[in-house]
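Participant: Line by line, the protein sequences give chains A and B.
Quick note on the working numbering: the first sequence kicks off at 1 and runs consecutively.
Quick note on the working numbering: the second sequence kicks off at 276 and runs consecutively.
Derived by calculation from the structure, the hints in this document are not laboratory data.
All figures in this text were calculated on a predicted structure; none of them were measured in a lab.
Treat the hints with care, as some may be off.
As the list claims (entries may be wrong) - Among the chain A residues that face chain B by a calculated CB cut under 7 Å, a handful are:
id, residue
1, 38
2, 39
3, 41
4, 45
5, 48
6, 54
7, 67
8, 71
9, 89
10, 92
11, 96
12, 129
13, 220
14, 253
What the hints assert, rightly or not - Pair by pair, the computed Cβ-Cβ distance ranges are:
id, chain 1, residue 1, chain 2, residue 2, range
15, B, 384, A, 183, 40 to 48 Å
16, B, 384, A, 7, 44 to 52 Å
17, B, 450, A, 200, 25 to 33 Å
18, A, 177, B, 331, 45 to 53 Å
19, A, 244, B, 389, 20 to 28 Å
20, A, 179, B, 448, 50 to 58 Å
Heads up, the beta-carbon is just placed ideally off N, CA and C, and yes, glycines get one too.
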Amino acid sequence: MSARGATVARTIATLDIPPRPRWQWKSWCAVGLVVIITAITLSPRWGVDFSLEAIARNWQNGAEKILQLLVPDWSFFPRTVPALLETLQMAVIATAVAAVVSLPLSLATARLTNPNGYSRSLVRALLNVIRSIPDLLYAAILVAMVGVGALPGIIALVLFNVGIIVKMVSESIEANDPGALEAGRAAGGNQVQINRASALPDIMPSFINQTLYVLELNVRASSVLGLVGAGGLGLLIDAVRTFYRYDQLSLIILEILIIVMALDVLSNAVRRRLV
Amino acid sequence: MTVLTIPSRRRDWRRSTAVIIVGAVVIGAFWTVEVNWARLAELPAQVLHYLWLMFSDPDWSKVPEALGQTWKSVAMAWVGTVIGILLSFPLGFLAARGFSPAPVRWGMRVGFAIIRAVPEIIIAIAILSVTGLTPLTGALALAIGSVGTLGKWGYEAIEGVDPGPIEATRASGGNIAQILRWGVWPSATPDFISFWLYRFEINVRSSAVLGLIGVGGIGDMLTSYTQFREWSTVGVLIIVVVIVTMGIDAVSGAIRRRIVEGT
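Using the sequences and the accompanying hints, generate a full structural model.
Facilitator: So, in structure tokens, the structure goes:
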């Protein structure tokens, strides 16, 4: 061994090399569990039948259809305009109503703004239940209750939005500095006055932020609510899908894309102003 | 006694204009939408009536079938999430600054944004001409949908990683794979696992919805029984959906909290 090699070896020996990070048995268990669940969900008997054979069989015919997506049928545009407008109207109305309803509810779900434990847990539990049902299922049931049209769609979106806004905003209340609220209490305000004077201005940015986010979600969601008869573009989607008019579907997708992206740009601009 | 000067209210013309514009849009939407608002007055009575039909005498004999269908939905969500993770993980790196050239990066980001703008159910409709009306279609639609969000969160997490370990790995002669393994992976793991779980929660909800177009699962069952107006069964199905979704959320939320807190 050369002299240099010996020096290097000595330096390494004196260096306090930290032990190589080892995977804990917990990590292995987690990986094992994931693999087992995946295997079960992929087995034809117990889960999703992942047969590539059917895909191969349908490939010829199906690929042609999917290629149609690349050639939108522009002549279909005039027919989509009213549906598109209805989608936007539903999204805007639902967002506005949900925002108005959510503000007091968010104050009622946060510990700082609602010290009463019973009413807080009650509202929380209710919202947890509301949140666990997807918007389209609400729409499907509401269509049966109040008939087809934009109304069941709007109600479904409101329910779906309130769950999201209240959760996010009440979390941001909890994260706020309680100092201002204590000052309000020390000055002799009751809970409503305290919330109005100090909590409300604090949560405004996060509230507006969530409302904008929900508006984006609503445009996406309201475009498919019509699949169950709740108005908007979804009614058209349902029609074109039964006739496999993928060139028309493509135009609808394009319209949703453009609106969602435009809204994204707009709300980003508003958000930058807020902070 | 000194006179207290109360700070004056801030008046901002930009804010007023914003309020006016938003107000005009909302009023305009209410004004123009074709809704029979009179029906809204009947709504509370209707809701109570239907809640009574659904929950006064639930048809518990349908529980086993409902659980079976829910399992199918959850399996769809799981497979979709796993495929989504496998696809989005490398793509996320291709979209992260410092790991790929700008044109590739922006291409990836636009791709993610497009996927995020399209609802999963439309993705499912688009691919079902090839894959057919099977749970596989649902799983693939969820996988594609997941790539949109997981890809975005992925590159954001990678770019948010502390550059120290990355530089250290590079300085000691690590190649790109070693940089990923030793510079990025250890500090990004909690983020990644956390949003994979979160996306699984989202996919569980979406998978119930995908049944509406007939790919199977609890959504399929719910639509048919709603159409038959068999409300006592619909009530049971809703109870099952709520309990299963909340249970999965609770478990996944607990795991996420533990991972983020670092145990």
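Participant: Each hint should be assessed against the structure and marked as holding or not.
Facilitator: Taking the hints in turn, this is what the structure says about them:
| no. | hint | verdict |
| --- | --- | --- |
| 1 | 38 | 5 Å, holds |
| 2 | 39 | 11 Å, violated |
| 3 | 41 | 4 Å, holds |
| 4 | 45 | 11 Å, violated |
| 5 | 48 | 4 Å, holds |
| 6 | 54 | 6 Å, holds |
| 7 | 67 | 10 Å, violated |
| 8 | 71 | 14 Å, violated |
| 9 | 89 | 4 Å, holds |
| 10 | 92 | 4 Å, holds |
| 11 | 96 | 4 Å, holds |
| 12 | 129 | 6 Å, holds |
| 13 | 220 | 5 Å, holds |
| 14 | 253 | 6 Å, holds |
| 15 | 384(B) x 183(A): 40 to 48 Å | 45 Å, holds |
| 16 | 384(B) x 7(A): 44 to 52 Å | 49 Å, holds |
| 17 | 450(B) x 200(A): 25 to 33 Å | 54 Å, violated |
| 18 | 177(A) x 331(B): 45 to 53 Å | 48 Å, holds |
| 19 | 244(A) x 389(B): 20 to 28 Å | 22 Å, holds |
| 20 | 179(A) x 448(B): 50 to 58 Å | 51 Å, holds |
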